[in-house]
Structures are given as C-alpha cells and as structure tokens.
Amino acid sequence: MRIVLFAMLALIGTTTALAQTPRPGSWQDAVRRLRDAHVVHPIRSARVAARPTAIIAEREPNDSIRTADSAALGDRAIGVVNPARDVDTWFIDLTEGQLFSVDVDAEVLGSPLDAHLVLFAPDGRTVLAFNDDFDGLDSRISFRVPASGRYFVQLSSFGQNGGSPQATYALNFGTVTCSGLGTEREPNDSPENPTRIAIGDSGTGEICPVIERPTGDVDYWAITAQAGTTLDLSVDAASFGFAGDPILALYAPDGTTRLAFNDDFIGSNSRLQFSITTTSTYYAAVANVQGFGDPFRYTLHVGTITPGPGDPITVRAENLGVPLGMAVGGTGDVFVSDVSGDRVLRISADNRVTTFATGITAPLSVAFDASGQLLVSSLAGGVYRVTPQGQATRFITDGIFPFWIAVAPDGRIWITDLGNRSLRRYSATGQFETSFDGIGIGGSGPGPLAIGPSGEPYVSNGTEIWRLRNGRFERLLTDGALIWAFAFDVAGNIYAPSPVTGTLKLFDSTGAVLADPFAVGPDAPQAVAFGRDGTGATLARVFAIDPLAGRLFEVNPAAVRQRGLPGYVTPPFSLDIAAAGLLRAAGLSAADLQYLDALGNHNGRYDVGDLRAYLRVLQGSNR
Amino acid sequence: MTRTRWMVAMVAALFMSVACSDEPTNAGSGPGTLVLRLTSPHADDGAMTFQVHGPSIESASVNGSLQLFTLRVNDSTLVGAVIGTLANGAIITLHVPDESVAAAYTATLREVADREDALRASLAGYALTVTR
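Protein sequence lines correspond, in order, to chains A and B. Its first residue numbered 1, the first sequence is counted upward by one per residue in this note's numbering. Its first residue numbered 1, the second sequence is counted upward by one per residue in this note's numbering.
Honestly, the hints are just simulated from the structure, not real lab data. Please note that the accuracy of each hint is not assured.
[Said to hold, decoys possible] Sample of chain A residues facing chain B (criterion: CB under 7 Å; computed from the structure): (1) R394; (2) I577; (3) A580; (4) G581; (5) G600; (6) N601; (7) D607; (8) V608; (9) G609; (10) A613; (11) L615.
[What the hints assert, rightly or not] Sample of chain A residues lacking proximity to chain B, with all beta carbon distances greater than 10 Å (derived): (12) L181; (13) T314; (14) T331; (15) N603.
We put the beta carbon where it would ideally sit given N, CA and C, even for glycine.
Produce the complete structure using the sequences and hints provided.
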C-alpha cells in the first residue's frame, strides 16, 4: 500500500491540487493509476540466492553514497537502523544484463524495523527503483542492470521516522533464480509458443525473469473458446504468500489484438470476463504489473460464465489514449477526455475520431453546460469551458480539486471537489451557490456524479451510490465493486461501470440489481453515457469508455430498453414556442420534448405540467 | 288612428327600441364576454389545458395572477393553457361577438397538472363550463 502512496506522491509532486490528501484507493490514486497505465511494462523480477557467500556487517557512518559500505552478489549484509532517521548505504558492482535482486529480512526475523529500500544508479542520484513492503513489511527490489557499473542500495525505516537498537536487518544481495514449478511450459512468452489450457481447468506458473528475455516474463496460455460463451479468467497469486501483482490480458486469435485486461480484481489478484463471438483459439497472458517486483507463482483459472443481456459489446472507437470522462453532444457526437494526452476527442456517428480541444492538463470529467459549451475538469485544478469551436478557457477556479461535473436540467452545474470532499453547486453561468459536505457518505466519496430523473445529483463513493435530496445525502445502493461514472435512463435505471470487475451493471431506480453483469468484456469501463441522435434526443444506446484499452464500446442495443435521461439540452425556444408546441402538439424537436419532460414530471411525454416547470425555469424560480 | 296618436305611438316605439339597445349585455344579443368556470375535485391545481368551441371566439383573457397561452385552431375552436394557482370558479374570460348565444359554446378540459407539475391521471370530477 505504501508503494502506491509513494508512487502517487512522486507523480503529484508538480500538481499542487493533488498534493492535498492523497490516499491509496482514492479517486486521485485511481486516476494516477489510469494515467500511468500506458507506461507500465512488466519486467523481470529477481530472487536472492538461497545461501550467502559471505556475511558482512555494516560500518557506520554509511549514511551517504560517499560513505557506502561494500557488498557483492551473494553477500548477506547485516546492520541496524539506529538511531532514528539512520540511513545505511551499500554499493555493489554489477554487470550489464544481470538480474539483480536485493532483499530485506527484518520483520521475518522479529525486528521492529519497517524497512524501505532505494536503488540508485552509478551517479548516486538517479533513483532506479524503490520498495517498501514486499514480503510483509520487508522490502525487496529486483532490477535488470542496464549498464555495468557501481550501484547503490540505501536502506532506512519507512518514512525515516523509525530506528532503534532493536531495528536490525539482513540484506541479501543476489540474482534471480526461478523455481521452474508449475504446469506452464517455458518458453511461453508469445502467442507462438503458448501453454494450452482447457476451459474448466486451472494452470500454475511463475512470473520469473531470465536473462535471455529482456522484455520480462510473460506467460501465454492458449484457450479454445466457443462462440456464444463468456470466458471467465482469474489469476491468483496472493495465495502463494508474496506480494506478487499479476496482470491478466486476453488476446484475440491474431495474438496481438488485446480484447480485455484486468489488474487487481480482488486485492492484487486479477480477473476478467469476455464474451466470445467467434469460435477460435484465444490467448491469456499473465505478467507482473510492477517493474521492480520479484518472482511470484500464480494459478490461472479458466472458466465460463453466463453472459449479460448487454453482450456482446462492440468496439466503436480505438486509440483514444486514456479516456476518463465522456459526454454526448447535441448532434450525437461523443466527447471523451484523454487524461494522458491533455486533450478532448470527438467521436462522430461514423466512429471517426478527431481532436476537439487541447491544452487542458489531464482532463478528467466532461459535461455540456447550459450554453452548449463543454465543461472539462482538469487534474491540475479548475474547470475549463470549451466553445463548439474547441477554444478552451478557464471557467470555474474556486474549487480545490474539481473532479466530476454534471449539469442539471435547470442548467446548474454540480461538481465534486476531492480537495475537501464536497459537492458544489454553481449557477449556469458558473457562480458558486452552495456546497454540501460529502465526507459523511464515506468511502472515497463524493466521486463520479450524475443527475437523476428528478434533477437531483447522485454521487459514487466508490462502492455506493448516494443521492442528494433536500440538502441531505441518502444512500441508494451498495455494491461490492468500485462504481465509476454511471448514467440514468428515463425510468431511473442506473447503468454503472465497474472497472475492477470489467463489467457494466444495471440497477433499478431503487438500487436493486436488474442485471449483474449487464455486459462483460470491456477491460475496465470507467464511464457510461447514452447516445443521442442528430437532434440531441437521447437514444436507447449505451456507450462505455475504457481507459486501459483506450476504447469506446457500445453494449448490445437490443438489451437497452429505455432511452437515456436527457439531461441538460440548451433550450433554443421561448415560452410562447413551448406553449404553442404543447397546444399544437407539433413544432418542437424530440430533444426539446425530452428536455421539457425532464424539467417537469418526466413521465415520458411533454404535457402541461412540464410547461409549468419550464415557465418556472425561465422565471428563475425554484417552485 | 289619428295622426297625433300615430306619432305618439312611433315615438314610444322608438324610445322603447333605444331603451332596449342600451340595456346590459345579459339582456340581449351582441358582442360581450363569456366565462369559463372550473369545477375541480382538488385544491392544488397548478395548470390546465382546454379547448373551446363556438362561434367566432375573438380572444381570451385571465386575471393577472394566471398565465394564459392560446392557439386558434380555426374560426370556431380555440385551445389554451392556463398556469397558476387554479381554484374553483371563473378562470378564463372569452370575448365573443354575440354573448347571447352562450349555449352555442362548449369547453373541454384536456389536461390538468398539480402544483408540483405532476399530471392528473384522471379528469374525473372536473368540469369546465361556459356561462354568461
């Protein structure tokens, strides 16, 4: 856990807003992981030699690179972190290509030390790797030596706030050895040489680097699957006792097209499901998510599950970077924020992808405002407003860390602020009106946000959805998995993406499960939205974006029974036109009718109650 | 009849004729107003749509606390919507060319919504009548 914390802090060192209260498992952490997901490459890990060739003791002072103690491969160095804030430094000469591993034994020997390890390059300044907890509280670093030279290992207590005469440790310097155990058949590092496994079976393997494979160990498994089935693959490494963190991917019969991906379904174990549309051989790949992880063993379980009604899904657009937020515009185009590319993309009805706006640092959530302009929250803080021509200007700047945005039927803007965990409301013109403390809803809330059928905001706290009613938060539903950016249909049903399980779920308006899964196969769907036609009217089509795969999906439209809740559509007509449209029963577009119905009693048609609501909106009165 | 008696009779007739034409509108034919009166089983009506059929409806109006929207379908049919705090009694005033033929006008309620914008599921118990 602390590894995540450290990595996050390192990332956000240049981002003031994020540096507030980063917490592992929080939305910030989730965004960081997503943003970094595209640069994570599994590499070799290492294992120390079983028997030391020498036991050496530290010699103080050794707090710096300049005063480092000497060690060699095979050595077992012993020392003590004492007094508090003591740092022990060791150097070791390594050869290019070696798979170096340095492993701490402290907790395992009964020491109170919570060790932290850092590996420095020969320049003594560049951090190559660090680790806090691998084996319990004991640290381990494995690293492929990029060039021959003298490297430095620094050991301290976590946070450098520990240390005592009892804080002893042993430091094992070695190289990788692999157990060779399991049913996998190495080499199986590509789809050309997989280990075969049948549905219903389990296989065991070890993610373990060897010198001959500089790109790291990946185990490929070949699975023959029938059309109409939904594969259910899971990897269990935790049962073997070490902090191995496997990732799991499924590749198409061509061996290169990634169909599904998962990391950390439960704990560090991974699991994915994917609906098969063509009978063929598919490839499951298991690797190590961390660049400095050690070898670990795992079990791969291969099974099938019953597909959801929304299966199979269809890929509508690819190469979207790391899309996190999604909104559908008044002409039916889909807009997604690419958090890694600092851009907003537009996907047209014919699935053509173009860049809509640039220059917004790590865009998160997107939503259309009352003037038809796109609001975009930024990881760097602030909310931008983008004209239809793609010109972005800062719009709302008083939030600490605005995360998710939604626009209510009355045009008001709602924002979740991760900085102080509040839900903030602004006028349609961006004037702050009020805020609601969201700490009480627990979890990581308030997070992703959507406006419900009655115009009230609903937020996710991670595993629950809450609604704000009469100024108070009420819990609507609880789920076992993470819930990201959900969407309502006109009946109040909720389509919720669960990136951890790689599924979409469907709940009714009371929070009861209607379909779980509703659809499987997106790698890690993060946001859901309903499609619109060329007039802006919502359709019974559900789209989802997947940051890890960089794709836009559509679920099987035959399973989507209701069209989407209209949300805010800029009213382009006067009250007289609205009244004439009611009395004449003509003259308003489908989107206008949806908008008016959403303002009023949302009973599925435009009636005099809706006209009454529209009159009130134009007069600026709440009731 | 003597000439004098004939003239007296003509003057009297003329007087009577003038007197009749100056009487209030409820006393004879000619331009005037009719009233649409609402009968409702609820006490929280907030909006309604209606239709009026009758000869040459010139216009409609409501008191200042209500908002009225109308649309003339043809020379003899007017549809409208009224929004506001509706209560039993006079709601709409129709301006017609001949108020004496009130019976020729019929009014129909089409929709009613409450003050929370919810549409009434049923119009049972409602009535919209035309009176002078």
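Against the structure, the hints:
1. R394: violated, 36 Å
2. I577: violated, 10 Å
3. A580: Holds, about 6 Å.
4. G581: violated, 10 Å
5. G600: For A:G600, the interface hint holds, since the closest Cβ of chain B sits about 4 Å away, which is under 7 Å.
6. N601: For A:N601, the interface hint holds, since the closest Cβ of chain B sits about 5 Å away, which is under 7 Å.
7. D607: Result: holds, 5 Å to nearest chain B Cβ.
8. V608: holds, 5 Å
9. G609: With Cβ-Cβ at 3 Å, under 7 Å, it holds.
10. A613: holds, 5 Å
11. L615: holds, 6 Å
12. L181: Fine: 68 Å to the nearest Cβ keeps A:L181 off the interface.
13. T314: Consistent with the label, A:T314 stays out of reach of chain B, its closest Cβ about 38 Å off (over 10 Å).
14. T331: Given a closest Cβ separation of 29 Å, the condition holds.
15. N603: For A:N603, whose nearest Cβ neighbour in chain B is about 6 Å away, the distance does not exceed 10 Å, so it is violated.
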